[in-house]
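Visitor: Protein chains in written order, with my numbering: chain A, 1 to 342; chain B, 1001 to 1342; chain C, 2001 to 2328; chain D, 3001 to 3328.
No lab work stands behind these hints: they were computed from the structure.
Hints are not guaranteed to be accurate.
[Stated by the list, open to error] List time: in silico DSS-like cross-link candidates among lysine-lysine, alpha-carbon distance up to 27 Å:
| no. | chain 1 | residue 1 | chain 2 | residue 2 |
| --- | --- | --- | --- | --- |
| 1 | C | 2015 | B | 1147 |
| 2 | B | 1147 | C | 2315 |
| 3 | D | 3015 | D | 3033 |
| 4 | C | 2309 | A | 103 |
| 5 | A | 180 | A | 103 |
| 6 | A | 152 | A | 103 |
| 7 | C | 2309 | B | 1180 |
| 8 | A | 233 | A | 147 |
| 9 | B | 1044 | D | 3033 |
| 10 | C | 2042 | C | 2015 |
| 11 | B | 1147 | C | 2042 |
| 12 | C | 2042 | A | 270 |
| 13 | A | 103 | A | 48 |
| 14 | B | 1200 | D | 3015 |
| 15 | A | 270 | C | 2033 |
| 16 | A | 200 | B | 1152 |
| 17 | D | 3015 | B | 1044 |
| 18 | A | 200 | C | 2254 |
| 19 | B | 1200 | A | 200 |
| 20 | B | 1044 | D | 3309 |
| 21 | B | 1094 | B | 1044 |
| 22 | A | 180 | B | 1094 |
| 23 | C | 2309 | C | 2254 |
| 24 | A | 147 | D | 3309 |
| 25 | B | 1121 | B | 1180 |
| 26 | C | 2015 | A | 44 |
| 27 | A | 200 | C | 2309 |
| 28 | A | 44 | C | 2254 |
Computed from a predicted model, the values in this text were never measured in an experiment.
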Amino acid sequence: MKQSGSVQQTSRHARLGLSDERVVEMYRMMQLARKYDERGQLLKLAGKVNFHISGITQEPSQVAMAFAMDTTTDWFLPYYRDYGFVLSVGMTVKDLMLALFAKEEDPNSAGRQMPGHFGSKRLRIVTGSSPVTTQVPHATGIALAAKMRGEKSVSIVSFGDGSSNQGDFHEGCNFAGVHKLPVIFVCQNNQYAISVPLSKQTRGNIYERAIGYGFPGIRVDGNDPLEVYRVVKEARERAIAGEGPTLVEIISYRVTGHSTTDNDLDYRTKEEVEPFKQNDPIDGFRNYLVEAGLWSDEQETKLLAEFRAIIDEATQYAERAPFQPAEDSERYVFADSSEVKS
Amino acid sequence: MKQSGSVQQTSRHARLGLSDERVVEMYRMMQLARKYDERGQLLKLAGKVNFHISGITQEPSQVAMAFAMDTTTDWFLPYYRDYGFVLSVGMTVKDLMLALFAKEEDPNSAGRQMPGHFGSKRLRIVTGSSPVTTQVPHATGIALAAKMRGEKSVSIVSFGDGSSNQGDFHEGCNFAGVHKLPVIFVCQNNQYAISVPLSKQTRGNIYERAIGYGFPGIRVDGNDPLEVYRVVKEARERAIAGEGPTLVEIISYRVTGHSTTDNDLDYRTKEEVEPFKQNDPIDGFRNYLVEAGLWSDEQETKLLAEFRAIIDEATQYAERAPFQPAEDSERYVFADSSEVKS
Amino acid sequence: MAVIEYIEAIRLAMKEEMERDGSVFVLGEDVGKKGGVFGTTKGLYQQFGEERAIDTPLAESAIAGVAIGAAMVGMRPVAEMQYSDFMFPATNQIISEAAKIRYRSNNDWDCPIVIRAPIGGGIFGGLYHSQCPESVFFGTPGLKIVAPATAYDAKGLLKAAIRDPDPVLFFENKKCYRLISDEVPDEDYIVPIGKANVMREGSDITVIGYSMPLHFAMQAAEELARDEGVEAHILDLRTIQPLDREAILEAAAKTGKVLIIHEDNKTGGVGAEVAAMIAEELLYDLDAPIRRLCGPDIPAMAINPPGEKHFLLNKEKVKSAMLELARY
Amino acid sequence: MAVIEYIEAIRLAMKEEMERDGSVFVLGEDVGKKGGVFGTTKGLYQQFGEERAIDTPLAESAIAGVAIGAAMVGMRPVAEMQYSDFMFPATNQIISEAAKIRYRSNNDWDCPIVIRAPIGGGIFGGLYHSQCPESVFFGTPGLKIVAPATAYDAKGLLKAAIRDPDPVLFFENKKCYRLISDEVPDEDYIVPIGKANVMREGSDITVIGYSMPLHFAMQAAEELARDEGVEAHILDLRTIQPLDREAILEAAAKTGKVLIIHEDNKTGGVGAEVAAMIAEELLYDLDAPIRRLCGPDIPAMAINPPGEKHFLLNKEKVKSAMLELARY
Ligand SMILES: Cc1ncc(C[n+]2csc(CCOP(=O)(O)OP(=O)(O)O)c2C)c(N)n1
Ligand SMILES: Cc1ncc(C[n+]2csc(CCOP(=O)(O)OP(=O)(O)O)c2C)c(N)n1
Ligand SMILES: [Mg+2]
Ligand SMILES: [Mg+2]
């Protein structure tokens, strides 16, 4: 992602090397993820789809991490809430809708997997699964391949706070540490693993686990996407410079239920959630843009209309699109022609 | 283990609450482990047994950790080099020899498992297996049981530096941290996992991994058994007081090959090993006792003769003892009477 | 006797065993305050407190490993794997540890744990919320494996599993949770592990299976009896390890025509062993080749409706296989 | 053509593939500087450097997971599990990831890894250095599994595995390492995955198996031919997933009397599937019940000599089962 445009020396984003256009584009991506996500919830409520899982309030940091990467060289291993991330690296709302409706044209899995299970070789998004944290060693392996081939490429992988307690987190991080691999481990700490609050998941600080692997660990406020951008960008620079991995812990709070099948009031109160809902980082980022003179109410209105149209169209398209034919569900267990290349 | 005897206010061991008798007993256990271990190597060389694995130079710290525990209440999860540990909590040389010869009378496994795979319910030594690190979550589970039942009991578990890179280390430690369980995790860092040196295993400090789980991690010199004793004793006190787990990293150096089937000169030099062989912590501890006026050359001579006799007798006994009959190798897949208790 | 749901039978079994024996406790992801993602442990946290209905960190190897440790010193843990698809991180603890603790210590130690895990599809769970992992653990000596099809069996087998001195994998079918209800006594009872059950007597064909697909067979059997005069003999294995050899041979001999059904992939599934057992012992009593109707050999079922339907057995598929066999 | 050891065939396959293709590399515990605990990777570190013969941390899930990551972006990793007994920590990466990557992405991604693991006993390795883990992975669609018995097949199958576009588990028998030597061409060749091999032609009984026990069958067959006039037909499956259905049915039909042998425990083993396949397709061609001679259903073999011997197959055990079948 090349940067262009006039640099305003006084603004925070300019100091980070982000042009006005880029920072506005970041905002667009946050809102697009939000609007897609809200539609997903509605579609589930309306009984049009079976399942939706939200990334609401996590989008700004997801977008920021994506903008700190290079879409032409890097590899992306998002997790299921990463709508802001995947939209920023090139997935479209239509792609997401096709996945949500589990249709054949879904580029992620042809409607085989649940929504939120991203994958697109073209977009350098590595196919993901449901068992959490398995992608962490994959990111390490991809970074190992980059190092072996002398490629200037960095892999970045997301996972939740709960998922950081899996053995694969430890093993994947430690391996990357030993070989100083170009990989960024991003823990999106939204304080809950389904119903289990952080206090029952760990007594440590997740970012400090990096100490035990001999590389830096940094905690950053997810409601401050420019700071997230800075931290991830610096991590990427370290990676490219051969200085090894970084663990980034992004602090947020999951304001929705775990997914559309979870009633979060079974285990927490409205009062706990409310302040976090109020303190919406998308609003915060919009305010920043407005104050910087980069955004206005009219632009907002236009944007929302534009996105509504995009999402409407994608929804209609996806709803009408065909499923993968039943017989084809037996395909691709192995390579079609399982001949050995020689 | 109750302490008795006159307390000499000036000596290090007295300041740690160790009587003269106890500290001499510690020395005896170190030497007994050493002499057993040397005999194991000889028996393998002589082709009398198929396999032996050494704990040489690790015995002083193993003995020290055992002496810091209470054999009437605590639970022990040693690893395969822990001869000093298991002898200190009540296993006999005869027991070890029976295991080495894989004889039916072996209390660890009736000669089913490899030597070094300890287990004895009577001695509160929890049965161990070969896949490394699986015992770490077991120690956590045992501590959980102690906490649930309100028992003043601590579990202590050993594993190597290499083994600390397994997922089970992370998961077992983290779980114990969350519940502040009475468990002591002891990493016996002897700088190698078979041929893989520490530098290829991790770039972090193992003891610092405790930070990520929210409990103390302490590094201690394994050549200073009194310091090991102090650290483990304090860890035990914290555990009993409900203050949770401790990770102890004991630094040593593996002076033998990994086992009798390993030729360590394939991957390291004599020159690297030699200084560590010279700096034998058993000698160091004997010197301490001699200086404290607790040990003499005559006592040493007598001790070695005593141990030779014990080991000779155990060897003869074990060599002659019968194997478990072949048919019996099908027993105990399940409880003999698989009836349900009601 | 009350008619209750399969899921309620499982919940009650845990509740009653926890009341009966202070060493019984449950642990797993979301099993405490939330009462489980399916609601299977609802109320246990409230009744027994957070110490006996433990919300664990998201780490299956620790869930199993911690349970094993506690069991070795006399507790009776019931560990939940949220979906059986997510029990694979615990494989090493289950196969290398739980299954071998008694054996390797020559009976000095034991490991009386229960590991519960929901299996099966049909809930639009897709590739990783629908799998049947039986074939992975089947064939590991030292493990008992049960997979009930009815509420009665679910309750009785879970109680037996909790009281069993050895490790038991309890595979509950998530499609059965709310779909299957039957009569369950109010009094305490167990269903013995290792005993199959004749669900239906018949003389024309024998159907052998376990878990959800048996209900398709039962429905199909009624229709076949009514419409075709075909009487199916249906054996519910209930325990898939150790298999009830005697019951299998008896059921096979009864009609000489055997259809084995399960949702797990065909190749390497429990059905292969059942077929092999019959082929080894009863060859000359058979009047037809031993047929298996199982999930196709694809990694898992797709989430899209045609894909899911294609994977799953249903009454029609089972019925036509039964009819074909009857006509053989 | 030279006669070389089985272990040397494996080493050469890796060496030659690493020379042929820069994306091939090996990783695992002690595979680098030491050349492996059995010596299987000897010399690779010296020839290709520490970047292509990687000594990893002691963490099997990472070994598999890192290999999978690298494979997804075009590398051809050959991951070693030091003993197959120690591959269980990697089960989740193997079953949930490697096996499903192509399928779940609808062919967008692939995962061409090889995981090598030594299986089998007879080296006084005891409970955890002797196991056969085939039944755990067998029955997981998306995995190919090979288990060669000869040096020729070991080399050819490992090369085929490395070039295969999908994940392959390569189960090498540690007892075969130095015991088995045979002729191996100097030129490059592969043995196709999925094809069984008739090791011996015969008309009286059929023996089907894989890996080490086949050598007992071959020795027994010679003696039976000489002493009893019994001619055994012996089929080496070579690939256990996918099974070579056609070859199995042909071999079974040839004599109508089938003995299946493997070292893995009997229940739930590969032999069950082979028997079930035959029982499903060839029932009326059989002149005897399908017999299986396998490891007993105990968790693993004891290290003490009587226990180990009791567990393992040997020429005598196989021979008497063959003779019994011939006389049936
Ligand atoms: C190995 C595994 N175990 C259990 C689950 C079920 N599960 C799905 S998401 C989730 C919680 C994840 O929490 P966290 O990592 O904090 O991510 P978040 O959903 O909060 O973003 C669980 C337990 C799973 N997907 N994988
Ligand atoms: C899960 C597993 N993988 C591999 C092995 C083989 N193995 C046995 S000991 C060992 C090295 C252990 O190193 P470390 O933990 O440092 O202990 P040390 O032997 O140095 O005391 C290895 C790789 C094993 N036992 N278990
Ligand atoms: Mg979370
Ligand atoms: Mg070590």
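Visitor: Give me the numbers of the hints this structure contradicts, sorted from smallest to largest.
Guide: 2, 5, 6, 7, 17, 18, 19, 22, 23, 24, 26, 27 and 28
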